[in-house]
Amino acid sequence: EVQLVESGGGLVQPGGSLRLSCAASGFTSSSYYMYWVRQAPGKGLMWVSRIKNDGSTTIYADSVKGRFTISRDNAKNMLYLQMNSLRVEDTAVYYCASVRPGYWGQGTLVTVSS
Amino acid sequence: QAVVTQEPSLTVSPGGTVTLTCGSSTGVVTSGHYPFWFQQKPGQAPRTLISDANNKYSWTPARFSGSLLGGKAALTLSGAQPEDEAEYYCLLFYSDAAVFGGGTQLTVL
Chain A
1 EVQLVESGGG LVQPGGSLRL SCAASGFTSS SYYMYWVRQA PGKGLMWVSR
51 IKNDGSTTIY ADSVKGRFTI SRDNAKNMLY LQMNSLRVED TAVYYCASVR
101 PGYWGQGTLV TVSS
Chain B
1 QAVVTQEPSL TVSPGGTVTL TCGSSTGVVT SGHYPFWFQQ KPGQAPRTLI
51 SDANNKYSWT PARFSGSLLG GKAALTLSGA QPEDEAEYYC LLFYSDAAVF
101 GGGTQLTVL
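If you're matching them up, the sequences are chains A and B in order.
If you read the first sequence in the numbering used here, its first letter stands for residue 1, the second for the next number, and so on.
If you read the second sequence in the numbering used here, its first letter stands for residue 1, the second for the next number, and so on.
Bear in mind the hints are in silico, worked out from the structure with no lab data behind them.
Be aware that a few hints might be false.
[Unchecked claim] For lysine to any residue, the following SDA-like pairs were computed, each having C-alpha atoms within a straight-line distance of at most 25 Å:
no. : chain 1 : residue 1 : chain 2 : residue 2
1   : A       : Lys52     : A       : Thr69
2   : B       : Lys56     : A       : Tyr33
3   : B       : Lys56     : B       : Gly32
4   : B       : Lys56     : A       : Tyr103
5   : A       : Lys43     : A       : Gly9
6   : A       : Lys65     : B       : Tyr94
7   : B       : Lys56     : A       : Gly44
8   : B       : Lys41     : B       : Pro14
9   : A       : Lys43     : A       : Ile59
10  : A       : Lys52     : B       : Tyr94
11  : A       : Lys43     : B       : Glu87
12  : B       : Lys41     : A       : Gly10
Isolated chain A, as found in the complex:
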């Protein structure tokens, strides 16, 4: 069974940091680009970041560039999102996804509030 399981969400103050993790199983995640996608409460989906299958190339949405860092550990089938200088507007459910094979996690909620 394919699974993507996110963890690491929670409540953080503005300006704080959080590291999200995503554990992949049931498919060869190392063969695919991996993505982070977020959804603010009551809003649509927003692409956050993408990492190439070998980790060599990363790209980011303008709104998170310079603050978020995506990384992966293919030996552990893990995807990460380091989020620094968090803002209230970063509040959202964060999903990890392997878009091409069609797999999504259930999401983890990040709340940025004082």
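Chain A is fixed; fit chain B onto it per the hints.
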């Protein structure tokens, strides 16, 4: 970054046919944008329906189909069922970004 546009809402009768579209602010949507379509129901994670404009997944109901139509990506639902009521998002890929459309709320009524 580019802006991807979708109809905010559409309504279809049970058993009817409806087409959702996905346009790009940069111009014509082509296969080079690798259009994807996703379905999301309240409280659930998105579910991938279509890749690369017209490729279905093993779990995609046969009544859904994707295409490129009139300079846009399109998702056609033929024979709508009550369970198809959901938000539908398209995703387009650009050289340095991926961009979701704003979503189409589809009502089956």
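Hint check results:
1. A/Lys52 with A/Thr69: holds (13 Å)
2. B/Lys56 with A/Tyr33: holds (19 Å)
3. B/Lys56 with B/Gly32: holds (17 Å)
4. B/Lys56 with A/Tyr103: holds (13 Å)
5. A/Lys43 with A/Gly9: holds (18 Å)
6. A/Lys65 with B/Tyr94: holds (16 Å)
7. B/Lys56 with A/Gly44: Holds: B/Lys56 and A/Gly44 sit about 23 Å apart, inside 25 Å.
8. B/Lys41 with B/Pro14: holds (18 Å)
9. A/Lys43 with A/Ile59: Holds, at roughly 23 Å.
10. A/Lys52 with B/Tyr94: holds (15 Å)
11. A/Lys43 with B/Glu87: OK: A/Lys43 and B/Glu87 at ~11 Å, within 25 Å.
12. B/Lys41 with A/Gly10: holds (23 Å)
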